[in-house]
Structure formats: structure tokens, C-alpha cells
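Chemist: Below are the chains, spelled out letter by letter.
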Amino acid sequence: MFKFIVCMKQVPMVSELPWDSRTGRLQRELAEGMMNPACKHALEAALQLKHRHGGRITAITMGPPMAEEILREAVAMGADRGVLLTDPHMAGADTLVTSHTLARAIEKECPDFDLVFCGCHTSDSETAQVGPQLAEELGVAGVAYVEQLELNGRTVRMQRESDDFLETLEMDLPGVLTLTPHYYVPRYASLVGLQDAFEQVGVDLLSADDLKLSAKEIGIKASPTRILNVFSPVAGKTNITIKGSAKKVVDELFNRFGDQLSGAIGKDFKTHDHDEQINE
Amino acid sequence: MDFNPCMKHKVVRKFVRDFSETEIAPLVYDLDREARFPWEIIEKMRPLNFFGLQVPRAYGGAEVDSISYAIIIEELSRVSAAIGLCVSVHNSVGAYPLVKFGTASQKKRFLPPLARGEQIGAFCLTEANAGSDAGGVETHAALIEDHYVINGTKIFVTNGGVCGTTLIFAKTPAEDRRKQNSVFIVEQGTPGFSVGEIEDLCGMRANPVSSLFFEDCRVPKENLLGHLGDGLKIGLDALDTGRIGIAAQALGIAQAALDASVKYAKERQQFRKPISSFQTIQNYLADMATEVDAGRLLLYRAAAYKDSGRPFGAEAAKAKLFCSKLATRVTNLAVQIHGGYGYSKEYDVERYFRDAKVTEIYEGTSEVQQMVIARHLLAEPT
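As given, the protein sequences belong to chains A and B, one line each in that order.
Every letter in the first sequence is one number past the one before it in this note's numbering, and letter 192, counting from 1, is 192.
Every letter in the second sequence is one number past the one before it in this note's numbering, and letter 308, counting from 1, is 308.
Treat the hints as calculated values from the structure; they're not laboratory data.
Here the structure is a predicted model, which is why all the values come from computation and not from measurement.
Note that the Cβ used here is the ideal one computed from N, Cα and C, for glycine as well.
Incorrect hints may appear among the rest.
To be verified - To give an idea of the chain A side of the interface with chain B (calculated C-beta under 10 Å), a few residues:
id, residue
1, Glu32
2, Met34
3, Glu68
4, Val192
5, Gly193
6, Gln195
7, Glu199
Claimed, not checked - Below, simulated BS3-like cross-link-like pairs (lysine-lysine); rule was C-alpha separation at most 30 Å, straight line:
id, chain 1, residue 1, chain 2, residue 2
8, B, Lys325, B, Lys345
9, A, Lys237, B, Lys273
10, A, Lys221, A, Lys237
11, B, Lys233, B, Lys273
12, A, Lys50, B, Lys10
13, B, Lys263, B, Lys179
14, A, Lys237, B, Lys263
15, B, Lys44, B, Lys108
16, B, Lys10, B, Lys179
17, B, Lys233, B, Lys221
18, B, Lys357, B, Lys44
19, B, Lys266, A, Lys237
20, A, Lys50, B, Lys44
21, B, Lys345, B, Lys44
22, B, Lys263, B, Lys273
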């Protein structure tokens with residue numbers, strides 16, 4: 001029987017994120033949480049494999065107690081159990097420490113796993129680092145940005161989009177994959193599934209002590225990442241008047257907006273080429 | 001006393017909201033304009049157990065608690081009141097009386113197709129000369145050999161145009177005035193049973209409300225629900241449960257109108273300011289939010305009473321009375337805040353305004369709710 005693990009994260013639902021401007025961290029307690037969209041697609045990929053090949057799915061997350069919600073949702077969608085890593089010492093972990101903590105939990109709860117699924121990135125921090133780091137921590141192969149996969153015996157064949165072409169990759173089990181939200185369409189949980197997820201299936205809580213992790217190797221204390229600045233992008237409009245001769249105005253336009261124009265048109269504009277043409 | 005929703009109720013709300021906004025919202029405008037029943041949405045709702053909300057697991061239902069039930073109807077109605085109505089009526093007065101009063105063989109036969117949503121349920125009481133006065137129905141049933149023969153016309157039957165199994169409230173002669181009515185289970189296709197034209201109504205236009213005709217309609221005597229003469233008992237019980245559904249529906253419409261108004265008030269500029277900066281608009285929004293909140297508390301209390309096995313008739317009547325009235329007030333203010341646009345079909349609040357009114361009328365008018373509440377009040381010892 002295959003043993004699948006889906007790592008997931010609870011992210012804030014709101015588009016206006018309540019940032020703590022002092023620490024540069026998100027004030028998660030102020031936001032309504034939801035399952036990170038890419039994680040939901042990863043869960044769907046695992047559910048489809050389970051239905052085709054059999055197996056058992058463990059959904060796992062690290063977060064505050066309220067993150068239990070997304071594990072219950074995962075169970076309602078078809079996961080077999082939920083594991084919540086929650087401990088005040090785990091708070092504030094960066095991606096490196098998160099993957100370290102997740103790896104230790106996986107080794108404890110499901111050491112003989114076949115495949116770990118992650119979302120390719122999260123909608124709140126967008127680093128896309130935990131999946132690949134988790135493969136390193138677990139000492140197994142990892143493939144990021146998988147679109148679609150199939151399982152043949154102990155080999156996973158995957159496709160991923162890379163620039164303008166589609167790559168086909170193969171990997172032997174066990175391994176870690178991160179899934180994009182493009183191919184798999186997450187199913188809705190049924191109301192029977194939702195009732196059962198709360199009344200029939202338990203979620204296991206694991207603390208740092210349960211994982212035999214000291215306060216020094218988890219959470220914000222162990223995280224080498226320092227956030228210098230985090231801000232919500234601000235859209236604004238400004239009126240700019242460019243004065244002078246036609247050549248001067250055009251040059252100024254290209255100086256100011258050449259990069260954006262290149263991006264939009266798909267051609268590389270260089271101001272000096274333009275100069276040369278004018279000179280000719 | 002804990003006023004925070006538990007995790008299960010939060011997740012149920014999130015799930016139904018996600019489903020409604022993704023699958024239903026893109027179609028609501030057209031469904032309302034075309035007065036079309038959305039079978040394609042019903043198809044998607046069937047496997048998710050929307051049609052077996054109060055049916056036990058043994059018969060293929062989800063058997064959700066009453067607060068979840070209220071949340072489900074509220075969230076569906078927040079996007080489409082007509083679909084919320086279909087689901088509410090199907091579950092509360094179409095299927096639930098079978099759960100509560102059906103014999104083992106009736107449950108086995110009729111509940112699974114209802115719970116799977118293969119058959120849509122309905123309950124018909126209202127007639128041309130009987131509505132609030134249930135005892136005044138003229139449709140009658142007579143036992144001839146081993147069949148009841150039903151004759152009469154029912155009007156304004158919610159889900160009437162699409163119902164597969166319907167419960168008919170009919171007169172069955174008896175000496176005791178309170179025992180003169182009974183409820184029968186009639187299936188689509190029974191000879192003598194036919195569906196009239198779909199009504200052209202002000203709101204809830206995606207729900208096929210119609211008349212149902214019974215002309216020497218013969219149903220096996222096994223299709224009598226409960227005992228002969230139990231009609232009023234079953235009807236009143238079904239309506240108690242139904243009122244939780246209608247209150248939830250009215251609340252969903254009001255919430256939608258409030259959400260739309262807050263959004264519009266922040267966007268709409270007049271005198272070079274968003275209209276939300278004007279105190280009058282703020283007062284409107286504050287009143288709307290307060291009413292919606294108060295209605296929700298009344299509704300969840302009635303649902304919680306039902307789950308704990310306490311009598312909840314008066315609580316359900318209060319919730320239905322208050323929520324339906326607040327829905328018309330809140331949607332009225334929503335149109336006012338939207339100004340001319342609110343009166344245009346281009347904006348959803350115009351639909352909310354039309355949909356809200358009937359919640360004060362069906363499953364017991366506001367005046368009947370007041371009667372029920374007063375009866376409970378006056379029966380209490382002083």
C-alpha cells in the first residue's frame with residue numbers, strides 16, 4: 001500500500017494582509033485562514049493517485065492550533081488522517097527551519113513514506129522553498145513545479161512546464177514533489193465528508209517535545225532568514241510631462257519606460273541603438 | 001455561552017460559500033432573467049449531499065446538525081435565493097416529514113432517491129381558498145378499496161415544476177376537527193397527478209413554483225404518511241423546521257445585500273468623496289449590519305434548541321419573523337444606497353430586493369408567525 005504525505009499550509013484568505021510593520025511578519029491571528037491553493041491542488045493529485053493505486057494519505061501542517069481547520073478540510077476531501085505540528089516554540093520559522101521540522105515529523109509519523117506532495121509555492125510568502133528543502137532534509141529525490149504525474153510501479157513519471165517547453169521527468173520512489181495549480185482541479189468536499197472529518201477522524205497534535213526537537217533548532221530562534229522589509233504593493237498614478245524636442249522626448253520616454261515596453265512587446269529596446277538610428 | 005462558531009461550522013460555511021461563488025454565481029443573473037431551473041447546478045450538488053441534509057446516513061443522507069443546516073441554506077441563498085429555496089424546501093418540508101413520520105418501508109423506498117437528489121421534494125398545502133388557514137383546504141382524499149383517491153388543486157407549490165416526490169395535505173373526513181386532514185406521498189407519474197404552468201413571480205424566479213392538479217389521483221394506501229388525521233400535526237412540525245430554513249434564506253439575502261452595499265459605498269464617489277464617508281450612508285450600513293447580526297443570533301438559537309431536543313417552535317417563528325422582515329428592510333436600504341443603479345437589473349441588489357419579499361409570505365406569513373409567537377407567550381403561566 002502506497003503511503004502518501006501531503007504537506008500543506010494555512011494562509012490568510014484576505015487580499016489586504018495585516019502585516020506587522022515592525023517585525024515584517026504577517027499577523028496571522030487577524031486573518032481568516034484557508035488552505036493554500038497550491039497545496040489543495042497537491043492534495044488533489046495525491047487523492048487521484050490514491051483512487052487509482054490505493055494507499056493512505058497523511059495531511060500534515062505546521063502552524064497555530066487554528067491550522068487544524070485545513071487538516072479537517074483535507075480529511076473531508078479524502079485524506080485519511082491529519083497531523084498538526086503546533087508549539088509556541090515553532091512560531092516564526094523560516095523556510096529552512098520549517099522544512100527541518102516537517103522532515104523530522106515525517107520521519108516520526110511515516111518513516112516509510114513513498115511520496116511527499118507539496119504545493120509549489122504559498123500565496124502568502126511565495127518563496128517556493130519548503131518543498132525542495134524538504135527533499136534535502138529527508139535525503140530523497142525532489143522535483144519542483146510538477147504539472148501532472150502518473151505512477152508506474154515504483155517510478156513516477158512527471159511533466160513540468162519549463163519556459164516554452166514541456167519536460168518529462170522520471171523519479172524512483174521515495175521522493176518529494178511540488179505541484180503547480182494548473183492541471184489538477186481540487187474536488188469539493190461532500191457534506192458527509194465534512195461531518196465525518198469533524199466527528200469520525202482525529203487530528204494528531206505533535207509538539208517540539210514529541211519530535212524531540214529542542215527550542216534552539218526550531219522557530220524564529222533557529223531561523224537564519226532576516227526579513228528586511230515587507231510591504232503591500234501600492235498602485236498609483238502620476239502625471240509626467242516631458243518637454244523638449246521630439247528626439248529628446250522620445251529618448252526620455254525610452255529611458256523611463258523602455259524596460260516596460262520591451263516586456264510588453266517582447267523586443268529588447270536599447271536607447272543607444274535608437275540614438276544610432278537617429279544619427280544615421 | 002460561546003458566541004464563536006465552532007471550527008466545523010466555519011469550515012461548512014467556507015465550503016458552501018466556495019461552491020456557491022464558483023459554481024452558482026456565474027449563472028444567477030441569467031437564471032433570474034430566464035426564470036430557468038438550473039439542472040446543471042443540481043447535478044453538481046447531488047454528490048455533495050445537498051439534498052440529504054436531514055436524512056439519516058442509513059438512507060444516504062448527510063444528517064447535518066441544524067446550525068450547519070442553517071449555514072448551508074444561508075450561504076446558498078447569499079448567492080442564489082432561488083437555489084437556497086429549492087434546497088431548503090426539499091430538505092425541510094419535502095424530505096424531513098418522511099424522516100420523522102414515515103414507516104420503515106416508506107423511508108426505505110422514498111428517502112434514498114430524495115437524499116441523492118434524484119428526486120426533488122415538495123410539500124403542498126396552499127390552495128386558492130386556503131393558506132394561513134390550513135384547515136380550510138378543499139383537496140380531499142377518499143379510501144376506495146386499497147387506494148386513496150385524491151382530488152383537488154394546490155397552488156404556489158415551491159419546486160412544483162420539478163418535484164419527483166411530493167407530500168400532499170388533504171382533507172380526510174373525521175369527527176374531530178383537528179383530525180380532518182392527512183398527508184399523502186405522491187410520486188411524479190402517478191395517473192391523475194399533473195403539473196400546471198410555472199408561475200410568473202416577482203422574485204425567486206429560478207425556482208419553478210407551480211400549481212399541482214390531482215384528478216382522481218390514486219395512491220396506494222401505504223402512501224399515507226403517519227396516521228389518518230395526522231395532517232395538522234405533520235404540517236405544523238414540518239413548518240417549524242421549514243421556518244429555520246426560510247429564516248436562513250432571508251438572512252443569506254440580507255447578508256448579500258449588506259456585502260454589496262459596503263463594497264459599493266466604498267467605491268461610489270459623490271462630491272469627490274466615497275459615499276461611505278457620509279454619515280447617512282454609514283447609518284444605513286450600521287443599521288443593516290446590526291439587523292443581520294441580530295437575526296443570525298435568533299436563527300442559530302432556534303437551530304441549537306432543535307439540536308438539543310428542546311421545543312423550538314416559538315424560537316423558529318421568531319427567527320423567521322425577524323429574518324424575513326429584516327431581509328426586506330436591508331434589501332430596501334441596499335437599493336437606496338445604490339441609487340439608480342440599485343434599481344437596475346445590472347446590479348444584484350435589484351434581485352435581492354425582489355427575492356426578499358416572499359420570505360415574509362411563504363411557510364407562514366409574518367402575521368402567522370406573530371400568531372404562533374403570541375400563542376406560546378400567552379400559554380405561559382403568569
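Chemist: Does each hint hold? Answer for all of them.
Modeler: For each hint, the structure was consulted:
no., hint, in the structure
1, Glu32, "holds, 8 Å"
2, Met34, "holds, 7 Å"
3, Glu68, "holds, 7 Å"
4, Val192, "holds, 5 Å"
5, Gly193, "holds, 8 Å"
6, Gln195, "holds, 6 Å"
7, Glu199, "holds, 8 Å"
8, B:Lys325 - B:Lys345, "holds, 23 Å"
9, A:Lys237 - B:Lys273, "holds, 18 Å"
10, A:Lys221 - A:Lys237, "violated, 41 Å"
11, B:Lys233 - B:Lys273, "violated, 58 Å"
12, A:Lys50 - B:Lys10, "holds, 28 Å"
13, B:Lys263 - B:Lys179, "violated, 53 Å"
14, A:Lys237 - B:Lys263, "holds, 22 Å"
15, B:Lys44 - B:Lys108, "holds, 24 Å"
16, B:Lys10 - B:Lys179, "violated, 43 Å"
17, B:Lys233 - B:Lys221, "holds, 19 Å"
18, B:Lys357 - B:Lys44, "holds, 28 Å"
19, B:Lys266 - A:Lys237, "holds, 19 Å"
20, A:Lys50 - B:Lys44, "holds, 23 Å"
21, B:Lys345 - B:Lys44, "holds, 27 Å"
22, B:Lys263 - B:Lys273, "holds, 14 Å"
Against the hints set out earlier in the document, violations occur for numbers 10, 11, 13 and 16.
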